[in-house]
Amino acid sequence: GAGVSQTPSNKVTEKGKYVELRCDPISGHTALYWYRQSLGQGPEFLIYFQGTGAADDSGLPNDRFFAVRPEGSVSTLKIQRTERGDSAVYLCASGGIIGGELFFGEGSRLTVL
Amino acid sequence: DAKTTQPTSMDCAEGRAANLPCNHSTISGNEYVYWYRQIHSQGPQYIIHGLKNNETNEMASLIITEDRKSSTLILPHATLRDTAVYYCIVRGGTSGTYKYIFGTGTRLKVLA
Chain A
1 GAGVSQTPSN KVTEKGKYVE LRCDPISGHT ALYWYRQSLG QGPEFLIYFQ
51 GTGAADDSGL PNDRFFAVRP EGSVSTLKIQ RTERGDSAVY LCASGGIIGG
101 ELFFGEGSRL TVL
Chain B
1 DAKTTQPTSM DCAEGRAANL PCNHSTISGN EYVYWYRQIH SQGPQYIIHG
51 LKNNETNEMA SLIITEDRKS STLILPHATL RDTAVYYCIV RGGTSGTYKY
101 IFGTGTRLKV LA
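The listed protein sequences correspond, in order, to chains A and B. The numbering used here puts the first sequence at residues 1 to 113. The numbering used here puts the second sequence at residues 1 to 112.
If you are wondering where the hints come from, they were derived from the structure by calculation, not from laboratory data. Since no wrong hints were added, every one of them can be taken at face value.
Reference excerpt, derived from the structure (chain B facing chain A, CB under 8 Å, subset only):
(1) Q42
(2) G43
(3) P44
(4) Y46
(5) Y87
(6) R91
(7) K99
(8) Y100
(9) I101
(10) F102
(11) G103
(12) T104
Glycine included, each C-beta is placed from N, C-alpha and C at the ideal position.
Chain A on its own, in the form it takes in the complex (with noise of 0.2 Å):
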């Protein structure tokens, strides 16, 4: 498919545990986008890349969360040391031109037991 893809789309972990999620962009967007919604919520802005740069990481809650996107494309949200708060729908969106229409993937939802 052409659009944003997150893997996995379901991920449970034990407290304290490191976990990864990846999202697939569309091909040759350039900006990526990282959210993550609690039940209810809208969602809650993390971090984003303009190419392999963070432009801008102020909604990274703390220093267990960390996000890469070494070549441009790729991206993972890395999370150390999990805990019960952490559970939520993380949601990745791309975009091809600044300021443009953002596509959202599904979403990858992690519970923290």
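Chain A is fixed; fit chain B onto it per the hints.
Coordinates of chain B only, in the frame set by chain A:
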């Protein structure tokens, strides 16, 4: 970034126009207004955006007041498939950042 205020929920009869308001009284001159919607269990979907002129596309119309402090998204003929949460976003455009801050949105229910 400018904050937006939207009603928590709205109902609309199928086939009628749905008018969703948004207040953004602190918007600055270079900030755009974006609308996205999220159908249950899916990622948000772009609808439309604008700066100061009214905009129309195949999905909706966006009416922005002259002082830009509020806007209205219009779905001209709502269908049951338009039931979703609608988010009004003022895109941060200062200091070269382009983050989109979502609020809690308006839950639109289209009634048969």
